[in-house]
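First residue of the sequence shown? That's 15 in the numbering used here, and the numbers climb one at a time after it.
One thing to keep in mind: the hints can contain errors.
For each label pair, taking beta carbons as the anchor points, the in silico distance ranges come out as [as the list claims (entries may be wrong)]:
(1) Thr57 - Glu35: 18 to 26 Å
(2) Leu52 - Met15: 28 to 36 Å
(3) Met15 - Asp51: 18 to 26 Å
(4) Gly53 - Ala31: 17 to 25 Å
(5) Asp44 - Thr23: 29 to 37 Å
(6) Glu20 - Gln41: 14 to 22 Å
(7) Ile46 - Pro26: 15 to 23 Å
(8) Met15 - Gly53: 29 to 37 Å
(9) Arg24 - Thr57: 15 to 23 Å
(10) Thr57 - Ala31: 27 to 35 Å
If you're looking for bench data, these hints aren't it; they were derived computationally from the structure.
Being a predicted model, the structure only gives us computed values, none of them experimental.
Glycine is no exception: its CB is placed at the ideal position from the N, C-alpha and C atoms.
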Amino acid sequence: MTTTFELITRSPEETQALGRELGKLVQSGDLILLVGDLGAGKTCF
15 MTTTFELITR SPEETQALGR ELGKLVQSGD LILLVGDLGA GKTCF
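Input sequences plus hints: build the corresponding full structure.
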């Protein structure tokens, strides 16, 4: 089954909150793709 979400965060705090919530939901084998401009914070996510 494939589920696709597009979530946009606009601050470091929103990104941290998103990471906490995703951490509760992801399971082994799940794939998360991060897309953003250079310097958007993908590596720190």
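- Message: Tell me the numbers of any earlier hints that the structure contravenes, in ascending order.
- Response: 3, 5 and 10
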